[in-house]
Amino acid sequence: MRMQIEGLAQRFGDRAVLEGIDFDDEVTTLAIIGPSGGGKSTLLRILGGLLAPSAGRVALDGELLPADEPGLERYRASLGFVFQDGGLFHHLSARENIALPLRAVHGMGEVDAAARADELLDRFGLAGEGDKRPAQLSGGQRQRVAIARAVAPRPRMLLLDEPTSALDPEYTTEVLDLLADLKREGTRFITVTHEMGFARHACDKVAFLCGGALMEYGPAAEVFAAPKTPELKRFLGKLLEWSV
Amino acid sequence: MRNPFTVRPGERPGPVKAAASYLIVCALVIGFFWLSLLQVGVALDFGFVAQYHVRILDGLLLTVQIAVGSLVASLAIGLPVAVGQGSRILPVRYLCDVYVKLMRGTPLLAQIYLFFYIVGTAWGVENRLVAGIIILSIFSGAYIAEIVRGSLTSLDASQLEAARAVGFTRRQTLRYVVVPQLVSRTLPALTGQLASMIKDSSLLSVIAVIELTQTMQEISSATFNLFGTYLFLAGAYLALTLPLMFVSRYFERRLDYAHAD
Numbered sequence: 001m002r003m004q005i006e007g008l009a010q011r012f013g014d015r016a017v018l019e020g021i022d023f024d025d026e027v028t029t030l031a032i033i034g035p036s037g038g039g040k041s042t043l044l045r046i047l048g049g050l051l052a053p054s055a056g057r058v059a060l061d062g063e064l065l066p067a068d069e070p071g072l073e074r075y076r077a078s079l080g081f082v083f084q085d086g087g088l089f090h091h092l093s094a095r096e097n098i099a100l101p102l103r104a105v106h107g108m109g110e111v112d113a114a115a116r117a118d119e120l121l122d123r124f125g126l127a128g129e130g131d132k133r134p135a136q137l138s139g140g141q142r143q144r145v146a147i148a149r150a151v152a153p154r155p156r157m158l159l160l161d162e163p164t165s166a167l168d169p170e171y172t173t174e175v176l177d178l179l180a181d182l183k184r185e186g187t188r189f190i191t192v193t194h195e196m197g198f199a200r201h202a203c204d205k206v207a208f209l210c211g212g213a214l215m216e217y218g219p220a221a222e223v224f225a226a227p228k229t230p231e232l233k234r235f236l237g238k239l240l241e242w243s244v
Numbered sequence: 001m002r003n004p005f006t007v008r009p010g011e012r013p014g015p016v017k018a019a020a021s022y023l024i025v026c027a028l029v030i031g032f033f034w035l036s037l038l039q040v041g042v043a044l045d046f047g048f049v050a051q052y053h054v055r056i057l058d059g060l061l062l063t064v065q066i067a068v069g070s071l072v073a074s075l076a077i078g079l080p081v082a083v084g085q086g087s088r089i090l091p092v093r094y095l096c097d098v099y100v101k102l103m104r105g106t107p108l109l110a111q112i113y114l115f116f117y118i119v120g121t122a123w124g125v126e127n128r129l130v131a132g133i134i135i136l137s138i139f140s141g142a143y144i145a146e147i148v149r150g151s152l153t154s155l156d157a158s159q160l161e162a163a164r165a166v167g168f169t170r171r172q173t174l175r176y177v178v179v180p181q182l183v184s185r186t187l188p189a190l191t192g193q194l195a196s197m198i199k200d201s202s203l204l205s206v207i208a209v210i211e212l213t214q215t216m217q218e219i220s221s222a223t224f225n226l227f228g229t230y231l232f233l234a235g236a237y238l239a240l241t242l243p244l245m246f247v248s249r250y251f252e253r254r255l256d257y258a259h260a261d
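Sequence order for the protein chains is A and B.
Numbered per my numbering, the first sequence spans residues 1 to 244.
Numbered per my numbering, the second sequence spans residues 1 to 261.
Worth flagging that the hints you see were computed from the coordinates, not collected in a lab.
It cannot be assumed that every hint is accurate.
[To be verified] Taking lysine to any residue and the SDA-like style, the derived pairs with C-alpha atoms no more than 25 Å apart in a straight line are: (1) K132/A x A157/B; (2) K205/A x R156/A; (3) K132/A x R253/B; (4) K199/B x F33/B; (5) K132/A x A76/B; (6) K132/A x R254/B; (7) K132/A x Y113/B; (8) K132/A x K17/B; (9) K132/A x R12/B; (10) K205/A x E216/A; (11) K132/A x F251/B; (12) K132/A x P188/B; (13) K205/A x Y250/B; (14) K132/A x F33/B; (15) K132/A x I30/B; (16) K17/B x Y250/B; (17) K132/A x Q84/A; (18) K238/A x R12/B; (19) K233/A x E19/A; (20) K132/A x K199/B; (21) K132/A x D256/B; (22) K183/A x E19/A; (23) K132/A x V183/B; (24) K205/A x S248/B; (25) K101/B x A76/B; (26) K132/A x L155/B; (27) K132/A x T173/B; (28) K199/B x I30/B; (29) K132/A x L187/B; (30) K132/A x Y250/B; (31) K199/B x Y113/B; (32) K132/A x R175/B.
[Said to hold, decoys possible] Listing some non-contacts, in silico: residues in chain A with all C-beta distances to chain B over 10 Å: (33) L64; (34) A77; (35) S78; (36) F81; (37) D85; (38) L88; (39) H90; (40) V105.
Yeah, the Cβ is synthetic: ideal placement off N, Cα and C, and Gly gets one too.
Looking at chain A on its own, in the form it has when it is part of the complex:
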């Protein structure tokens, strides 16, 4: 999918969170990395149609991000968004979390929606958990349900906002494994992540966002092997300090 970004900026009051972002490339799997407060989540929310940018243009496959609410609703429905935490509807079972948007937004029948939900739960190792509500699931199970909900309508792209940062290490692995599987099946995604191993080995491209600017972008192997900017060198150096 071709993603074009031109002069994108986001300001909250007089604080600039994103400034002068330009981008034009085919995206299959992209990791957005960078220090906290660098604008990663803000960029992802703009791409997801959840936040209107202060300035600039975004286009997916040549189609500009809509400006009107009905257009945005269709746009959001064509993507799958996974939040850091709390993205599942508290009052619905895991199955219903997946099936309800299929029925209400994508016009699927009751039987088909439930079947699709069960198929995904089954595939994501959640068979038998369909009737549980989010509070009754572990953090890792919750995120897998959230990913199932996001992929259920077969979106053109998944957007994941730090999908593992609220999880214990053992749950982190199960979610990352699942994403790697999805990638092998051809699912496209953009993920904001602090998991550098995942960014490096499971994503084709990496974008380094720091201080609201896109500092580096390129194939994951290259960006990690030969960082060009001092900011990225420092960022990766800090991460390596405590690695095994």
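Using the hints provided, position chain B relative to the given structure of chain A.
Coordinates of chain B only, in the frame set by chain A:
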């Protein structure tokens, strides 16, 4: 063997265990009143029940009607007030705020007298039953506004963002996310409020609405059986409110999706 009268934190007692402990509690409460009655040397006589059963039933029915009618009317008051308390238009916000504070900060008895004899007379509300329902609704509307406001503020912003992310329209967000979550948070408290209103309606006896309390007062002065009538009165109110309290507790457990059960 484990102590049959204790539970571990978070444990729900089995039916037999619960029944045994309830039995003890009931025996204690009834025993205490029984002893007190013996001390004052009063013999209870419920003979009036058979004699006046038609009037008692009428009073009971009226009490239920007042409570249900007031619940509906106070919802109609409380919901907009709850929203109004967050209004950007300051006079609206302050009006709602003052209303809630006035109603919650003054005794219902004073409100009944003031409303009925001053406001009611001035504006021609002469039907005592209608006046009673209006007063009780205005009083209870303030409590309902607080209940609703509490659940409105507890609505999680991330739930609304998730609703947008899956592609819900505003109307769908309201229908599938906001309303179900609000209902599950307010229903237990609203049921409890209905129980309170059944009790509070007893104060309408002061403007001679012939509901349950007024009925029993009349029977009491006709039969000179003060203890019997009031004990019966208390029992009749309990018969109405206890089931509601159980229903409220049931809703609380049933709709508490934040906890595993």
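Verification of the supplied hints:
no., hint, verdict
1, K132/A x A157/B, "holds, 22 Å"
2, K205/A x R156/A, "holds, 18 Å"
3, K132/A x R253/B, "holds, 15 Å"
4, K199/B x F33/B, "holds, 21 Å"
5, K132/A x A76/B, "violated, 35 Å"
6, K132/A x R254/B, "holds, 14 Å"
7, K132/A x Y113/B, "violated, 53 Å"
8, K132/A x K17/B, "violated, 29 Å"
9, K132/A x R12/B, "holds, 20 Å"
10, K205/A x E216/A, "holds, 11 Å"
11, K132/A x F251/B, "holds, 18 Å"
12, K132/A x P188/B, "holds, 22 Å"
13, K205/A x Y250/B, "violated, 53 Å"
14, K132/A x F33/B, "violated, 47 Å"
15, K132/A x I30/B, "violated, 44 Å"
16, K17/B x Y250/B, "holds, 19 Å"
17, K132/A x Q84/A, "holds, 20 Å"
18, K238/A x R12/B, "violated, 50 Å"
19, K233/A x E19/A, "holds, 21 Å"
20, K132/A x K199/B, "violated, 39 Å"
21, K132/A x D256/B, "holds, 13 Å"
22, K183/A x E19/A, "violated, 30 Å"
23, K132/A x V183/B, "holds, 20 Å"
24, K205/A x S248/B, "violated, 55 Å"
25, K101/B x A76/B, "holds, 18 Å"
26, K132/A x L155/B, "holds, 21 Å"
27, K132/A x T173/B, "holds, 22 Å"
28, K199/B x I30/B, "holds, 21 Å"
29, K132/A x L187/B, "holds, 22 Å"
30, K132/A x Y250/B, "holds, 19 Å"
31, K199/B x Y113/B, "holds, 18 Å"
32, K132/A x R175/B, "holds, 21 Å"
33, L64, "holds, 18 Å"
34, A77, "violated, 3 Å"
35, S78, "violated, 8 Å"
36, F81, "violated, 4 Å"
37, D85, "violated, 8 Å"
38, L88, "violated, 7 Å"
39, H90, "violated, 5 Å"
40, V105, "violated, 4 Å"
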